[in-house]
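Q: Chain by chain, the residues:
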Amino acid sequence: MDELKLYTYIAVFGTFALYFAIAWWARAGSTSDFYVAGGGITPLQNGMAIGADWMSAASFISMAGMIAFMGYGGSVFLMGWTGGYVLLALLLAPYMRKHGKFTVPEFIFDRYYSKTARVVAVACLIIASLTYIIGQMKGVGVAFSRFLEVDYALGLYIGMFVVWVYAVLGGMKGITYTQIAQYVVMIFAYTIPAVFISLQLTGNPIPQLGLGSTLADGSGMYLLDKLDLVVTDLGFKEYTTSNLGGGLNMFAYTMSLMIGTAGLPHVIMRFFTVPSVQAARASAGYALVFIGLLYTVAPAVGAMARLNLMNTIEPVAGQNLEYAERPQWFKDWEKTGLLKYEDKNGDGKIQYTADAATNEMVKVDRDIMVLANPAIANLPNWVIALVAAGGLAAALSTAAGLLLAISSSISHDLMKGILTPDMSEKNELLAGRVVMTIAIIVSGYLGLNPPGFAAGTVALAFGLAASSIFPALMMGIFSKKMSGKAAVAGMVSGIGVTMLYVFQHKGIMFIPGTSFLGDMGKDWFFGISPNAFGSVGALVNFAVAFAVLKVTGPAPAHIQAMVENMRVPGTISAAHDH
Amino acid sequence: MEENKEAYWQENLRLIFICLAIWFVVSFGLGLLLVEPLNEFRLGGYKLGFWFAQQGSIYSFLGLIFWYGTKMNKLDKKYHAES
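Going down the list, the protein sequences come from chains A and B. Under the numbering used here, the first residue of the first sequence is numbered 1, with each subsequent residue one higher. Under the numbering used here, the first residue of the second sequence is numbered 1, with each subsequent residue one higher.
What the hints contain is simulated information worked out from the structure, not anything from laboratory work. Fair warning: there could be bad hints in the mix.
[Stated by the list, open to error] Have a look at the derived ranges for each label pair, beta carbon to beta carbon:
hint, chain 1, residue 1, chain 2, residue 2, range
1, B, Leu13, A, Leu539, 20 to 26 Å
2, B, Val25, A, Leu448, 43 to 49 Å
3, B, Ile18, A, Lys481, 23 to 29 Å
4, B, Leu75, A, Lys237, 44 to 50 Å
5, B, Ile18, A, Ala561, 44 to 50 Å
[Claimed, not checked] Covered, in the sense of this in silico footprint (three residues per stretch, anywhere, with C-beta under 8 Å from a C-beta of chain A), are these stretches of chain B:
hint, stretch
6, 12-24
7, 57-71
Here a beta-carbon is modelled for each residue, glycine too, at the ideal position from N, C-alpha and C.
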């Protein structure tokens, strides 16, 4: 076994052993432990857990790669996935914590006094969460197959087993403490390579500052200016100004991601775990500290990886790398098929340009940028091993949070809430564990046999959360007259419009060629892409809800009184003993 | 009591409004709508509009959440509404 593999085994299985130990120590004894960790998590702990919960395989592996190739256009992810926390802290978290229940559909049921609303919320939650989990499961499989060279399927089974142990045993309590450990692993794995690379390129160890510094190669040129120059010389769009589908599209995209973030149930649910309203507000702040740490480093990772890649292929303008002399990491990633070279002009050198006719780097998968980054920069093997453990921590921690959101919405909302209300606490806890086991098996199956539409589903998850859940929750708190009928009408039309637009572009259930209105041209609604359409769906939701409210009349008096009570912290309600 | 509840809520709404205005300006305003004119200015090696889109907006969000939290804790005390 070579050194790198040995280090990787130690890092990966060492962290797994840590997660198991935490799971045993933080076993869940009651439904309150299982759903909300007994309500006894401190804001600092919760902030870290939210960070791990939120930052998925996509944030850890894909985001910097997307920024590397989109440049300025990648800002939509940076602003969208952090700005949502402002909305959570100001508009949702404190009031939902004051109301003090276990799940998001339960809040919707109480506020809108309607079983239909609860079932609609459960459906949105399950669709959004399941589509998200597929990505995490694939991330686990890829990390194992790339770094440990085990079979994709075996890697996935190992991942499923690890999550099963700590999520089923510990519920929210086990998940919370494991997520704290996973956050620490993840942030070290992300920032250490970034610090090294920033130091190499600019002499400044802080990546956020390095990105704005001059290069250490003696040229005295700013890093970003150099990058702009290198990419435009080869015909690519200028890095610092390249747009993503026009200004209006970037606006709508950022807004969709922000309100989608604020409406994702597995994140909101974490605010039920702290003891008070004040702690809920503080949690959102700490969460953004921990998330911001990764999100402000990511643009540096992206830009520096792009520059390193360009410099490797064409160290001096006009003197391209001989294919025969390509570095080891190049060969490794060629084996995975994520990097492909084709000698079009037969000169044995590598030409990388924006022109498809002469470009010889026929495939550069965005996802390899973070994973290959340490190797591209010649960092020591232990750093590469740490990145493998970090990628797994990111995928597993998010999967666990999503699994809990799914299982609690089934055992608590559907079973205890609607089908079998007289279920004992002990049985509900058992049901929660059984449902979670089933959810793990289903998501593992979907990870092994990803449905054809998996690639398009992130749009759907954020679109659903943005167009249905966020407006319903916000109106529930800020408009005390908002009635159940009006809210359900709003949710259904918000989702409806968003899904129609996504399906019109990508086919019904993402089956190509099933666009029901025929070809209408790309992004026909003011140039807004399907991924960005959740914000339009949310507007429709608000408009329909207020129109229906006007016609059908306000919510009953006792509901309005409940909303008034929700708005003031007051004496804390008996949140966790029901 | 009822009037107190209403006064507390009105003060909270005012704070939320201020925070959301700043939230909108630093991201959608400086990072997206005004990015081109701002890019004429520099912050070290960063074009200023680019910096707001990829760094500055996130730092501002952080400041906002903590500022709102502090103000609200004071408001809770003022109205004896701590939990």
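Q: May I ask which of the numbered hints given earlier this structure violates, with the numbers listed in increasing order?
A: 5
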